[in-house]
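Engineer: What follows is the residue order along each chain.
Number of protein chains: 2
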Amino acid sequence: MAVDAALDPHAPVTGAVSLMHTLAAAGIEVCFANPGTSEMHFLSALGALPQIRPVLGLFEGGVTGMADGYARVTGKPALTLLHLGTGFGNGIANLHNARRARSPIVNVVGDHATWHKRWDSPLKSDVEAIARPVSDWLRMAANAQTLSADGAAAVAAARARPGQIATLILPADCAWGTTVGFSQPIPVPAAAPPDPQVIAEAVRILRARGSAAALLVRAAGGDLRGLQALRRICAHTGARPLTDMMTAKLWRGSGVYPLTRIPYRAELAVQVLQGVSDLLLVAAPPPVAPFAYPHFPSWLAPEGAKLTSLCHEQQDEVQVLEALADALQAPQVTAPVPLLPRPDLPRGLLTASAIGRSLARHMPEGALLSEEAISNGPAVLAELACAAPHIHMTNTGGALGQGIPLATGAAVAAPDRKVVNVQADGSGMFTLQALWTQARERLDVVTVILANRAYAVLRAEVERVGAQVDESLVAGLLDIGNPALDWVALARGMGVDAVSVDSAEAFDDVLALAMQRRGPFLIEAVMS
Amino acid sequence: MAVDAALDPHAPVTGAVSLMHTLAAAGIEVCFANPGTSEMHFLSALGALPQIRPVLGLFEGGVTGMADGYARVTGKPALTLLHLGTGFGNGIANLHNARRARSPIVNVVGDHATWHKRWDSPLKSDVEAIARPVSDWLRMAANAQTLSADGAAAVAAARARPGQIATLILPADCAWGTTVGFSQPIPVPAAAPPDPQVIAEAVRILRARGSAAALLVRAAGGDLRGLQALRRICAHTGARPLTDMMTAKLWRGSGVYPLTRIPYRAELAVQVLQGVSDLLLVAAPPPVAPFAYPHFPSWLAPEGAKLTSLCHEQQDEVQVLEALADALQAPQVTAPVPLLPRPDLPRGLLTASAIGRSLARHMPEGALLSEEAISNGPAVLAELACAAPHIHMTNTGGALGQGIPLATGAAVAAPDRKVVNVQADGSGMFTLQALWTQARERLDVVTVILANRAYAVLRAEVERVGAQVDESLVAGLLDIGNPALDWVALARGMGVDAVSVDSAEAFDDVLALAMQRRGPFLIEAVMS
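One line per chain: the protein sequences are A and B, in this order.
To convert, note that position 307 of the first sequence is 307 in my numbering; the numbers rise steadily by one, no gaps.
Remember, my numbering sits 528 above the position in the second sequence when you count from 1.
Isolated chain A, as found in the complex (with noise of 0.2 Å):
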């Protein structure tokens, strides 16, 4: 059974190479992959087909949130292999980042034999029931024939705006069963056209409302000319440009046209929110708060606020921006956005701030940014408004252990962009593994470990509730510094470069350095 790129249509192949030529052809380049014995048949046809790249990740986890990071940079879905229920379930946490992110991902899970699973065997488990809660799109393959079909609808339904989890079960039998030729893609309907009475409803409330009104966007903020079409809209009527918490991937640097971000911290987010009497949400949701607290409203937006959709996520936000920039008559802007001063060399303590401010001074044009720190992340991001234009990606669905793998991700998409990763030690250590693929694959990635080593955001969070603390609780739970993590050591031991600092003057030599040099490195920030 040869494997060719261009399959003699009435030779027998197994059912795994006629799914990977359908794959193949759907636009599938890159399989984030952590295999077990169930999925041999699969490797056998991954490895003899030369337009899908293997990458290998050491943890379920990090293939997850490579394939987010690989599909929120290039907008392709990315394809994983996972084994066995359990497998899946590893990578479940940064499914749901990736899902809430909308990134296009088609997971195959191998699975035991159909003839198998009666027997009920130590590795069984439910595949579909550990799989369907963050699956938007799920289905158990049930013989060679149509498995290559059962792929051309999976990679159709990741592809489906805004962008699916579609997970594939493919029992071993299926993937050795026997078949011919495989199937064609399922070309993918395009976006629905702006609506033109939301269009006009929302010129109406534009015009009546000025600065009391507020364009809260999502994916746009991604995209120039997304941000372009705002910049029209807001600079002719006076309405505020919002982007959500957990936008996926946004422009931001000087130059670009700064939106305001929805802070994390609910009582923050209200302050923004002040005065908005209408929010018009493109293909966003309303604002609420990650979590409840005893003695705080959820609902963000203000008391008696009207809330507009001007499109649904399966439009093109770009489209429908630019259709209601057309429709309010809003000119062109033609002048550049004002440039931000590059910050001085930070002197001192190595805080957040110093940590932002060399960020600003050395990250290159283009970089994609991975960050992941919910406490010094703030603090950080607002330095990074004077540095180049970069693409900021974020921890979209709060599940930890984003940071890493999504960087890792990310540089696979993208070799001839720098990456950078802006991560908390207490939530990289979820997925550290995803270090060693960024040594394996010679990755161009420089991450910054923010060391605080504590849970921070707990220590934070545990007053916000109205909980007691306890000296004995925050040493016994909320500390990770006893003993201190080494991320020297740890980077070392899977392949990684690395150097601690503690004072913002050796931070930014090293970051310097970082920067200009190639393939993947790690910075432990000691902070002050």
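Source of the hints: derived by calculation from the structure; they are not laboratory data.
Accuracy of the hints is not assured; some may be wrong.
Facing chain A, a subset of chain B residues (Cβ under 10 Å, in silico) [claimed, not checked]:
{"id": "1", "residue": "Ala544"}
{"id": "2", "residue": "Pro563"}
{"id": "3", "residue": "Ser572"}
{"id": "4", "residue": "Pro582"}
{"id": "5", "residue": "Gly589"}
{"id": "6", "residue": "Gly615"}
{"id": "7", "residue": "Arg628"}
{"id": "8", "residue": "Lys652"}
{"id": "9", "residue": "Ala657"}
{"id": "10", "residue": "Val816"}
{"id": "11", "residue": "Ala817"}
{"id": "12", "residue": "Trp827"}
{"id": "13", "residue": "Ala942"}
{"id": "14", "residue": "Val990"}
{"id": "15", "residue": "Arg992"}
Residues from chain A that keep clear of chain B, each with C-beta distances beyond 10 Å, as calculated [what the hints assert, rightly or not]:
{"id": "16", "residue": "Pro187"}
{"id": "17", "residue": "Ala289"}
{"id": "18", "residue": "Gly304"}
{"id": "19", "residue": "Arg342"}
As the structure is a computational prediction, the values presented were derived from the model and not from experiment.
Note that CB positions come from ideal geometry on N, CA and C, so glycine has one too.
Following the hints, position chain B against chain A.
Structural biologist: Chain B alone, transformed into the frame defined by chain A:
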């Protein structure tokens, strides 16, 4: 709301405090935790109650694996604290293993406040759907007043023979809401007695079949009384004593009545079962292959062999075996099991056998062995027949990443016993974060990493399932030696002392020292 071991039954307390008192009264002694924002009141109550020791893990897969180790060693229910559906997701793999081990575990999973869920905040997940596939018992708490009764029911479910996974989902408002008092523990029913008719039938089979009969045990192998009863039966009738491939806990070593373990590899398992006409299942499942193969049966018992269930898992296997021995009028066997000589110092290449011989030389009596090494485990275990009596614990469900956490939990359970973890490098990487907990709690664990730098089991399996092997496939997806993991650096990065050795003599030297000292220590055995 004061927290006190002796709770004033009329004083208002939070639901979390009420729950915690019930859990303590029901015998919960340790809480393995990886908390988040929604668990703050639970943490506050936990921190104030001295009866329950909190043990922090940096990753939920470590937390659930530690709970399994603790439960296996003590037989008592372990408590975990997890955060939302995604945190539970990270714990699924080791809960699958724990469930296969029949370990009693209570998971408390924090969730958003009940009224907050309707807002679908980015961190919302369907906790019930994610938890159900690996939970034998599952309940969503409804309010603070009934929460401690839910806790009592959860512990009772976990303790129900043979041991279950009980998951209590705890919305934040149920934890911070007000109640008074707490629920008393629910008594656990006694085991059902042996069935005289079944015992009589077994007597008939054993007398008629002699050495063509075999008894397949599971939990009984972890109990010296169970082994003694089995010895009486087999000595008297000639029947063969077998133990399940994935037995959770098994006494082994020189002077211990030896059972034949059904091998992982189906072709070897068939050989072991050859000539068996009657297989008596002592609360063990029928022997089946872990995975299906295209040209090999999943069912391993010889054709025509009769399988008879001697008891079900809700019965007491030891009591059943003793009843059977008495019914057979099998005499007490008072002669000690012959001792085997300790191996000589191994020399030269560092092979699995050499590692096994050194372990047999130096492992102290009563050691707890956590073994997760599918490729090299059998060769190591063969040598351990000559070790001092010890308890062998293996991966019961095949989900990788059990060994390090299991050893960690075992050491929490038995601070006076030496814990040894024989750990493959590939599977070790799934949950390496548990090493940090070993350092934090100063646990007496010696970890031996079998560094073959490959997914060796998969290299073997790819041929067994009849898939094509290709060197680029091996290099791309089955070889984890590029770059080589440096386990000494990884261990030190988490505060655990470590050395690397690559000869049999050096391994023996280091192991002897490691067995003498106390506290966590890791030996990277770079295999020949």
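Engineer: For the hint on proline 582 (chain B), just tell me whether its beta-carbon gets within less than 10 Å of chain A.
Structural biologist: 5 Å, holds
Engineer: Quick check on the hint: tryptophan 827 (chain B) CB to chain A CB, less than 10 Å?
Structural biologist: Interface hint status for tryptophan 827 (chain B): holds (7 Å vs cutoff 10 Å).
Engineer: Return the status of the interface hint for glycine 615 (chain B): holds when the least beta-carbon distance to chain A is below 10 Å, violated otherwise.
Structural biologist: Constraint on glycine 615 (chain B) satisfied, holds at 7 Å.
Engineer: Valine 816 (chain B) was flagged as interface toward chain A. Is the shortest Cβ-Cβ separation under 10 Å?
Structural biologist: 4 Å, holds
Engineer: Mind checking the CB of arginine 992 (chain B) against every CB in chain A and telling me if the closest is under 10 Å?
Structural biologist: 8 Å, holds
Engineer: Over 10 Å to the closest beta carbon of chain B is the bar; see if glycine 304 (chain A) clears it.
Structural biologist: 18 Å, holds
Engineer: Min Cβ distance, alanine 817 (chain B) to chain A: is it shorter than 10 Å?
Structural biologist: 7 Å, holds
Engineer: Hint check: is the beta carbon of proline 563 (chain B) less than 10 Å from a beta carbon of chain A?
Structural biologist: With a minimum Cβ separation of about 6 Å from chain A (threshold 10 Å), the hint on proline 563 (chain B) holds.
Engineer: Beyond 10 Å from every Cβ of chain B: is that where the Cβ of proline 187 (chain A) lies?
Structural biologist: 31 Å, holds
Engineer: Tell me if valine 990 (chain B) is really an interface residue toward chain A, meaning its C-beta lies closer than 10 Å to one of theirs.
Structural biologist: 5 Å, holds
Engineer: Can we keep the glycine 589 (chain B) interface hint, with Cβ of chain A closer than 10 Å?
Structural biologist: Holds, because the Cβ-Cβ distance from glycine 589 (chain B) to chain A comes to roughly 7 Å (cut-off 10 Å).
Engineer: Classify the hint on alanine 942 (chain B) as holds or violated, based on whether any CB of chain A lies nearer than 10 Å to its CB.
Structural biologist: Interface hint status for alanine 942 (chain B): violated (21 Å vs cutoff 10 Å).
In the structure shown, a violation is registered for the earlier hints numbered 13, 17, in ascending order.
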